[in-house]
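Residue numbers (numbering that gives the first Met the number 0), protein chains in the order written: chain A, 0 to 142; chain B, 0 to 664; chain C, 0 to 327.
None of these hints come from the bench; they were simulated from the model.
A hint or two may mislead.
Stated by the list, open to error - Computed list of lysine-lysine pairs in PhoX-like fashion (alpha-carbon distance at most 25 Å, straight line):
| no. | chain 1 | residue 1 | chain 2 | residue 2 |
| --- | --- | --- | --- | --- |
| 1 | C | Lys120 | B | Lys614 |
| 2 | B | Lys113 | A | Lys127 |
| 3 | A | Lys90 | C | Lys133 |
What the hints assert, rightly or not - A few chain C residues facing chain A, derived, Cβ under 10 Å:
| no. | residue |
| --- | --- |
| 4 | Leu176 |
| 5 | Lys295 |
| 6 | Ile301 |
| 7 | Leu318 |
To be verified - Chain A regions said to be covered by chain C (calculated; three or more residues, Cβ under 8 Å):
| no. | region |
| --- | --- |
| 8 | 89-96 |
| 9 | 115-128 |
Bear in mind the structure is a predicted one, so any value in this text is a computation, not a measurement.
Backbone N, C-alpha and C fix where the C-beta goes; we use that ideal spot for every residue, glycine too.
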Amino acid sequence: MSKSEFEPRIVVFACNWCSYAAMDLAGTSRIQYPPNVRIVRVMCSSRVTPEMVLTALAEGADAVLITGCHPGDCHYLVGNYKTLARYTLLKNVLDELGLGDRVRLEWFSAGEGERFAQYVRSFVEEIKERVVNLQASTPEGGR
Amino acid sequence: MSNEPRIGVYICHCGTNIAGVINVEELTEFASKLPNVVIAKNYQFMCSKPGQEMIIEDIKQHKLSRVVVAACSPRMHEPTFRRCVQSAGLNPYLLEMVNIREHCTWVHEHEPDKALEKAKALVATAVARASNLEPLEEKELPVVKSALVIGGGIAGLFAALTLANSGVKVYLVESSPTIGGKMAMLDKTFPTLDCSKCILTPIMNEVANHPNIELLTYAEVVDVQGSVGDFKVKVLLKPRYVDPTKCKACGECAKKCPASAPNEFDMGLSKRKAIYLTFPQAVPTVYTIDPKVCLYFTKRDRMGRPICGVCQKICPAQAIDFNMQPKTVEINVGAIIIATGFETFDPRLKKEYKYGVSPRIITSLEFERILCATGPTGGKVLCPPDWKEVPKRVVFIQCVGSRDLTVNVPYCSKVCCMYTAKQAILYKERVPDGEAYVIYIDVRAAGKGFEEFYRRAVEEFNVTYIKGRVGEIVIDPETKKPIIRVEDTLAGCMIELEADLVVLAVGLRPSQSTLKIAELLKVSRSPDGFLQELHAKLYPVQTAVDGVFICGCAQGPKDIPDSVAQAKAAASAALEILAQGFVRTIGHVASVDKELCSGCGICVSVCPYDAIAIKVEDGRRVASVEDVKCKGCGSCAAACPSGAMQQRHFKDIQLMPVIKTLART
Amino acid sequence: MNLPAKVKVAFYWNASCGGCEEAIVDLGEDLFKVLEAVDIVFWPVALDFKLEDVERLSDGEIDVAFINGGIRFSEHEKVVKLLRRKSKIVVAYGSCAHLGGIPGLANLWTKASIMDYVYLKAPSVVNESKTLPKEITQTDAGDLELPAFLDALKPLGQVIDVDYYVPGCPPTPNVTLKAIETLLSGKLPPKGAVLGASARALCDTCPLNETKPEKLAIKEFRRPHTFIPDPKKCLLAQGLLCLGPVTRGGCEAKCIKANMPCTGCFGPLDNVLDFGARALSFIASIIDQRDEEGIKKALGPIIDLVGQVYKFSLPSCPLRGLIKRKEV
């Protein structure tokens with residue numbers, strides 16, 4: 000599959016209070032961004048587990064983006080610090096496995112609709128550059 | 000009836016917001032073929048009355064057990080559709096909303112084909128999630144209609160009065176023998192120069208006489224269990240050794256008492272007896288015996304008998320009881336307000352200011368006692384410790400223990416500029432030929448009438464303001480007077496100012512009892528050490544612990560008007576719970592499978608609300624969730640290494656199909 | 000399913016350290032009880048049966064085959080497929096057969112670079128002729144065959160259909176005995192079950208669990224060789240990376256009792272998709288740091304996080320097909 004045909008699929012985890020609101024704001028403001036993202040709503044980014052990220056990648060997602068409130072702003076006080084720790088450890092392992100560039104963590108406040116759209120645009124481009132379809136590229140050819 | 004879910008899918012056109020970009024008919028057709036979908040419809044405005052009625056009708060007619068609404072953001076209309084399905088008899092948590100507007104048609108307007116593809120994926124995901132949803136309960140738990148106010152200063156007094164006047168029974172616990180707090184120590188208050196005690200004592204009496212307030216003075220909170228609506232608090236009543244029901248406060252005991260100690264109320268500038276009344280207007284007006292000083296307790300003769308008992312012998316009311324024991328009482332309240340106040344910065348931490356080296360260097364609170372008519376000098380401005388000399392030059396030094404990183408206090412204590420201006424004015428009133436200097440960094444006079452008051456100090460009372468940070472104070476070896484060394488930054492030169500009296504404007508620090516109570520109630524502290532409010536802007540009197548409120552200087556440095564305002568705010572916030580009569584738990588709380596739980600305790604470590612505890616059940620340690628404390632973040636479920644802890648409505652079995660479907664399609 | 004009086008069993012080892020074979024012998028006197036009930040028809044390490052003897056049995060004649068070790072060579076693949084045909088029940092015995100085991104960590108590297116390193120570049124190798132193992136070597140006397148080194152090491156369940164699992168590296172005697180008793184009882188649990196062990200994590204039966212402080216807050220983890228832990232206090236609370244909370248119990252906490260933290264050999268509990276990921280989540284959850292720098296510092300001494308959390312289960316990770324293998 001050539002780079003021009005490849006459309007990556009990105010699973011995004013969004014917390015109800017900040018990042019999901021930012022995504023809503025992008026919508027209300029009619030800021031356009033590529034349709035490659037699929038959003039999973041949770042109450043707090045601290046609900047997201049490394050297992051969920053692994054599942055997304057194993058089931059066919061080309062990349063995963065975890066989003067939440069900026070540190071210090073978590074609606075549940077300290078949830079996002081746990082998210083950061085879980086992501087940091089997961090990234091350590093994924094880097095070893097050669098998959099580190101597919102998972103990202105980014106904070107969005109409820110007012111950052113434009114920034115979210117911009118982030119999606121550049122993330123999609125980056126994944127297109129680096130990854131030509133996870134499924135087709137590895138010798139084992141998936142599971 | 001089979002256990003298979005019967006799902007109804009409703010696709011909103013949202014006018015042209017959705018229908019203008021994607022083919023809603025095709026989407027509806029797609030939805031109708033998804034597993035467990037019994038009916039799929041689309042309509043112009045699902046949130047409108049006819050739209051909602053369509054759903055209600057279908058639930059009844061087609062016996063739907065789950066509803067999926069594909070429309071705008073759930074942040075907008077989830078409550079609307081939850082109420083809608085609830086009115087048809089379906090549990091509100093069996094509704095799933097899909098965002099195909101803000102997250103789809105509005106942001107992919109130029110790629111309608113892809114938008115439709117994405118909408119299909121989102122609807123398929125929602126249907127998969129809906130199949131796994133469970134009905135959830137929002138429990139209503141009754142609330143005990145009483146409150147505890149910890150701290151009897153001006154903030155605590157007003158919090159108690161506001162609640163008591165609203166019909167709530169209030170327990171006011173104060174650790175010292177009398178209520179009144181720091182405000183009782185003040186001479187006059189800025190900017191009105193009201194006599195502090197004159198405006199305070201009527202409030203103290205109102206509290207003492209209020210039928211809804213139970214005053215527990217010389218008492219401390221030692222244990223708190225339970226949660227919002229139902230706190231069980233243990234209060235330790237310290238023994239005064241004086242029966243409050245008998246004592247008439249005639250003072251005969253103190254006259255004859257042979258033992259004395261530094262008087263804390265006068266900041267150690269005078270002495271009090273072992274049996275004492277904090278100040279004449281103390282409430283309750285009952286004497287107290289200090290067992291650390293009283294000879295009955297501290298000195299025994301060779302036969303082991305106490306050598307003194309004079310007060311007991313002469314008390315006309317026979318109120319002395321040396322056998323009094325500490326007593327612990329348990330009270331049950333629905334809300335707690337912390338109003339434990341402040342203490343002043345210890346200037347010994349600023350060694351260069353030589354506090355403690357010379358008696359002519361004192362703190363602002365000590366100077367306040369000197370100014371006070373009930374203080375060590377009867378209100379005459381005299382130099383300690385001999386009280387013979389009238390100081391002709393008083394130098395006030397600002398920001399001692401505030402805005403100072405060398406002593407780890409970066410913040411501004413807010414009140415010192417104003418109280419210094421006040422003290423300078425009061426000094427000049429009493430010693431008109433004296434010189435008053437204020438050495439400052441900035442003058443902060445932001446409140447109502449404050450700037451005008453400061454101007455009075457400068458223009459009417461000729462107080463000299465010098466802008467500079469005092470480098471050090473040295474003691475003249477001959478005169479023994481303090482000499483202040485400072486750069487006058489506006490004049491651009493170094494000055495050495497000899498003073499008869501130096502008053503250090505000490506900053507405000509959280510009190511020791513504030514720190515103790517914070518730990519007991521699990522209220523966090525801000526980086527500055529004071530109690531942390533829930534949200535700096537929007538929730539200044541709430542804490543992360545539901546049902547516990549804060550006000551006054553325990554929350555941060557502030558003056559009397561702000562303390563009163565915040566006290567009433569805290570009372571009003573407490574009333575939101577107490578007046579309602581019940582608290583509601585949320586549906587999506589944590590829930591533990593006790594069979595699977597190994598009691599590893601990882602969940603307890605992540606909960607920001609202390610809602611989980613490890614308890615021993617059937618001989619095994621397992622986690623136990625207190626629904627009323629759980630706020631539904633899900634962090635514990637993510638942390639649980641065995642999958643025993645789950646978050647209702649966001650369980651692994653409910654989220655995994657979502658992730659899988661979105662990853663695949 | 001009722002098993003006949005003298006049950007026919009087979010034991011076989013694939014890429015195995017031999018520990019699982021010893022584990023059977025470790026039953027001690029209980030082994031005699033087992034031997035009274037079973038008839039061993041194949042056990043290469045202990046008895047002189049040949050593959051042909053197995054081939055001669057009818058399909059399903061073996062009642063239970065206990066297979067340990069990971070599938071590393073083509074020969075392993077061949078034999079386990081044979082045993083599957085000939086057995087009613089196949090039990091994956093020990094971590095390697097259950098999850099892939101420690102040899103599974105080889106899947107982080109390319110096969111070519113492994114061969115290169117092991118046979119040519121390792122410091123202790125002397126191989127002037129640069130000989131690498133070949134599947135077929137032609138000689139005058141005929142072709143010599145060596146089994147092929149497969150691309151990836153697999154747990155048993157990824158090669159044949161497995162009925163039950165017995166966890167552990169190796170399975171402890173009490174677990175082995177309980178598993179055998181379960182199989183002999185005739186009251187078989189649902190297919191795919193893990194036998195002999197607990198349904199709960201190790202903390203449930205660990206003697207140190209009750210010494211845990213109310214909240215765990217680790218500022219920095221510690222390696223076991225850097226200090227002597229207090230044997231009376233929870234090892235995790237002392238900063239050791241003890242995987243007890245995420246590991247299936249049943250082993251009687253033998254490692255903990257020897258003052259060493261659990262490394263997770265009994266594998267995950269039911270309903271846990273991936274041991275390593277689940278471990279990462281709980282470890283991260285007790286780190287008492289709030290920024291990336293602090294979190295990395297907390298991990299500092301742990302230089303091989305993959306090796307720690309995937310020590311026994313890398314080949315079972317859902318991402319195994321996507322791993323970008325490294326060069327040694």
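Item to check | Residue hint Leu176(C), partner chain A, criterion CB-CB below 10 Å | outcome: violated, 33 Å
Checklist entry - Is the shortest C-beta separation between Leu318(C) and chain A less than 10 Å? => result holds, 6 Å
Checklist entry - Taking 25 Å as the top limit, are the C-alpha atoms of Lys120(C) and Lys614(B) close enough? => result The given pair, whose Cα atoms are some 56 Å apart, is violated under the 25 Å limit.
Checklist entry - Going by Cβ atoms only, is Lys295(C) closer than 10 Å to chain A? => result holds, 7 Å
Item to check | Restraint satisfaction for Ile301(C) [CB to CB of chain A, less than 10 Å] | outcome: With a closest approach of 9 Å, the Ile301(C) hint holds.
Checklist entry - Within the assertion that chain C covers the region 115-128 of chain A, do at least three residues meet a Cβ-to-Cβ distance smaller than 8 Å? => result violated (count 0)
Item to check | Restraint check for Lys113(B) with Lys127(A), where alpha carbons must lie at most 25 Å apart | outcome: OK: Lys113(B) and Lys127(A) at ~17 Å, within 25 Å.
Checklist entry - Holds or violated: are the alpha carbons of Lys90(A) and Lys133(C) at most 25 Å from each other? => result With Cα atoms ~38 Å apart, Lys90(A) and Lys133(C) exceed 25 Å; violated.
Next on the checklist: Three residues or more, CB to CB closer than 8 Å: is that satisfied between the region 89-96 of chain A and chain C?
Outcome noted: The restraint on the region 89-96 of chain A holds, since 5 of its residues have a Cβ under 8 Å from chain C and three suffice.
Violated hints for the displayed structure, listed by number in ascending order: 1, 3, 4 and 9.
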